[in-house]
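Numbering (this note's numbering), first residue to last: 1 to 270.
Hints listed in this document are in silico derivations from the structure and should not be mistaken for laboratory results. Please read all numbers here as calculations on a predicted model, not as lab measurements. Do not take every clue at face value.
As the list claims (entries may be wrong) - The calculated label-pair distances, taken between Cβ atoms and stated as ranges, are:
id: 1; residue 1: 114; residue 2: 82; range: 36 to 42 Å
id: 2; residue 1: 245; residue 2: 85; range: 43 to 49 Å
id: 3; residue 1: 223; residue 2: 132; range: 32 to 38 Å
id: 4; residue 1: 131; residue 2: 162; range: 33 to 39 Å
id: 5; residue 1: 161; residue 2: 182; range: 23 to 29 Å
From the three backbone atoms N, C-alpha and C, an ideal C-beta is built for every residue, glycine too.
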Amino acid sequence: MLVAADGIISVHDRNPLLNRVLNDRGRTAFGFFVLYLDATSDAIGTGLTAARMAALCQETGLCSRGRAKALLALMRWGGYLEPVVGRGDRRERPLAPTERMRQLFLMRWRVQYSALRELGGSADGVLERLEEPGFLSQLAVRFGAIYRAGYRVLDHAPAVAPYCERDGGMLVLFALLSAAALGGRAPTATELGRRFSLSRTHTLQILRDAEAAGLVVRAGIVEDGVPLSGGPGFALSPEGLRAVEDFSVAAFAMFECGAAWTLADHPTAG
């Protein structure tokens, strides 16, 4: 769990723009929907278009049609999507993820499967093949199918649901998890906000809400994973640690299911 949390934070630090776009629950799912639609086609052979994305987001309840189109425009502006030359028409021009976008998800999913290696399962098989042409897309197809079938990580981790909907909320909780493992001085709201490009006011509100819910406590230092009260910093409470663990286990279950499915459908040659 700690390996995954540290890795997610590291990926954020290296890709501030797209992570700014994809740093809440809905926008993270939106990102793999981009890869999913690019790898699938409708009846006329069209992959990713604004209309298909809007329809998928409406079908799954991920976001409104208008927000879906706005996020596509933002990702295109940031260099993560590009128009497909020679396909579509003026009414509906197909888009495709750029190499920059694929590399981001390659890093994200390498982090998740590196953490999963400790549990056995399909992680090693995925890590061996992530760089293969087309494998990333096939993995995205399975994740999209799992999501469309109704699996939601937050159904199994309801305590963190409010923070997954907040800009940078889970990053803040992951940072507290990492800080607890390291020990020493507990991070302040100012430090956490600066790290994730969030305002101090916004970060402090996340922390206060988590404190009111019993997930976070005020702390000066953390020793052996135990927060010591009386300081300007924040730390996960035992309840907060369990909530983050529930979230991580539910996410790992989705990643393992997607991995096993992909490897079964696409075994290695020979």
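Status of each hint after checking the structure:
1. Distance hint check: the CB atoms of residue 114 and residue 82 are about 29 Å apart, inconsistent with the given range 36 to 42 Å.
2. Between residue 245 and residue 85 the CB atoms are about 47 Å apart, so this pair conforms to the stated range of 43 to 49 Å.
3. The supplied range of 32 to 38 Å is broken by residue 223 and residue 132, whose beta-carbon atoms lie about 45 Å from each other.
4. At about 37 Å, the CB distance of residue 131 to residue 162 agrees with the hint of 33 to 39 Å.
5. Distance hint check for residue 161 and residue 182: the Cβ-Cβ separation is about 27 Å, which falls inside the suggested range of 23 to 29 Å.
Hint violations for this structure: numbers 1, 3, all remaining hints satisfied.
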